[in-house]
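Chemist: So the sequences go chain by chain: B and E.
FYI, numbering that gives the first Met the number 0 numbers position 1 of the first sequence as 0, with every residue one higher than the one before it.
FYI, numbering that gives the first Met the number 0 numbers position 12 of the second sequence as 11, with every residue one higher than the one before it.
I should point out that these hints are in silico values taken from the structure, not numbers from a laboratory.
Note that this is a predicted model, so its numbers are computed, not measured.
Just so you know, even glycine gets a beta-carbon here, dropped at the ideal spot from N, CA and C.
Fair warning: there could be bad hints in the mix.
Dumping the calculated SDA-like pairs for lysine to any residue here, alpha-carbon to alpha-carbon at most 25 Å [claimed, not checked]:
#  : chain 1 : residue 1 : chain 2 : residue 2
1  : E       : K312      : E       : T237
2  : E       : K345      : B       : A138
3  : E       : K245      : B       : E100
4  : E       : K245      : B       : Q101
5  : E       : K345      : B       : G119
6  : E       : K345      : B       : Q101
7  : E       : K58       : B       : R115
8  : B       : K172      : B       : P149
9  : E       : K345      : B       : H123
10 : B       : K41       : E       : R258
11 : B       : K120      : E       : I84
12 : E       : K345      : B       : R112
13 : E       : K61       : B       : R115
14 : B       : K172      : E       : Q255
15 : E       : K245      : E       : G219
16 : E       : K345      : B       : R143
17 : E       : K245      : B       : E177
18 : B       : K41       : E       : A252
19 : B       : K172      : E       : D227
20 : E       : K338      : E       : Q295
21 : E       : K345      : B       : E147
22 : B       : K172      : E       : A252
23 : B       : K41       : E       : Q255
From the derived model, a few chain B residues whose C-beta atoms are all more than 12 Å from chain E [stated by the list, open to error]:
#  : residue
24 : R156
25 : E166
26 : E169
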Amino acid sequence: MSARRRFLAAGLALFGLGRRVLAQMTASSGAVMYAPLTRVVKIPLTAVAIPWHPVPFVAEANFQPAAAGATAAASRRVLISGVLFRTPETLSALCITCPHEQCQVDLVTDEERLARMAEGKASHPLFECGCHSSVFDPAADGARVSGETPRGLYRFRIAGIRDGIVEIEEIEKAALSEV
Amino acid sequence: MKQRVFAFAPVVVALAAAVSLLAQTPASPPASSQEKLYISLESTDTLAVVDLKTFKHIKTLKVGMHPHGQASPASQDKLYVAAEIGGTVTLIDTIRDEVIKTFDVGFGVEPQNGAITPDGRFLYQPSYAGYWQVFDTQKEQIVEYIHTQGIGHNTVMAPDGRFVYLLPIAGGPGHFARESLGLPRTQPTDVTVVDARAHKVVGTIPVGTGPRPGTISPDGQRLYMNVDDLLGFLVIDTAARKVITKATFTLTADEQAVRSRSHGIAVANGGKEVWSNDVVHNLTFAFDVTVTPPKQIARFAVGRQPYWIVPSKDGKTIYVNCPSSDELIAFDVLTKKEKARIQFPKGSHPTRMLTVAAPASPQRTAR
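So here's chain B without its partners, still in its complex pose (with noise of 0.2 Å):
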């Protein structure tokens, strides 16, 4: 296969993740900014061929504060720190601070420890933050499931796959200002 065929082939598949955040995006928070990364990060398809075992990767983007008369001079460098994962379905990135007081979450795949902080409801590992316990569910691209925090993770935006290797380009706007 070409690598223009791959890509394309990789673009379909993510297809069907991109309407499925476009419709969480509708229904919960109406539309969700994107602000673009500085580097476009780049991860090796093959390094998430497992379900359920996250690679960290850590972001850079520039804030741009909204205050009437900021200048370019004012933004502020961003890292943000970031898994890429598969679930049996589809590939996801998401940034792992916490929306509530950036600590920084991890996957839970112990079913002991989830059965406790999902009272025995959990199909499948879920991202739990050590400081305060909010947990988020990576299977709805870090939907908010319980806990202090005011929201879901924040999302990166997958570009697509390139010659077997997925590039991530964008991160949910919101984030910049709180990560």
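With chain B fixed as given, assemble chain E onto it according to the hints.
Modeler: Then chain E, alone, in the frame of chain B:
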């Protein structure tokens, strides 16, 4: 016979007076004691007991759901542990490390980190609902409510028990969704100063933003406090009730590109040093506070998301816990070296903690 009885009367009166005095005088720290650390393991609804001589986890006590702050009077024979979920406070016997009882007296939404008067009589217990409750430990009832800005969270008792400092945190959409007393919810910019005996507000200390954890110098003259949007801490003159300077963590360019917060602060080395955590960068800092502004003298890589920090009773050891990596770390203050580390079971989430010098045997105290 009658004359003999009268001959003993002065002795009996003196003994009775001595016993009465013992019963009324606030207990001082016990001469013979076992120093222990009590740590809330939030996700398992338990309290871990660590013996600080051996640095071993010696016991686990079941307490209320999501245990949070702890408070112990000067006698150190009791410990009050607030449970965020369920709104109860559990009383622990620190000599036997047993639960004595659980108070379910309407502590309101999510009781947080309280403080107790040195004589053990009044527990100032904050609630997320935006107020502090004064719990009379003798009558076992709430005798006063003190409303503040923001959300009731951290509490600092002056060493002499004269004043108690209420440190409410700022609230977001999640916080303010909780029920309140119907009073307005405003973001905090002040510390509220309360006369701990009269339970009345006697002043405020403007800090400009949401207060975070605080601690006080052994002489009660300086309040050190983390606040929102400062990676460091404020230094407050308690007599003047004003901020006099601040300390700022030194960070690399990459660290500055990642938003973080200060959480957890402790006084060490006889009041000469203040140690504090940088949560997201996984760092703990030590400052010399004998100079103005305080001077950074050490920086330590710790576990993931250091959250709380307390000194040993002699101020020569500092304990830092890290809920995301389930660790407790001990540092030697003099050498600035790590001494030991305890790994709790994965997912325990050790959060708040307190050192207690538990008496070797029960003391005669007022309560």
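Chemist: Under the constraints set out in the numbered hints, which ones does this structure not fulfil?
Modeler: none
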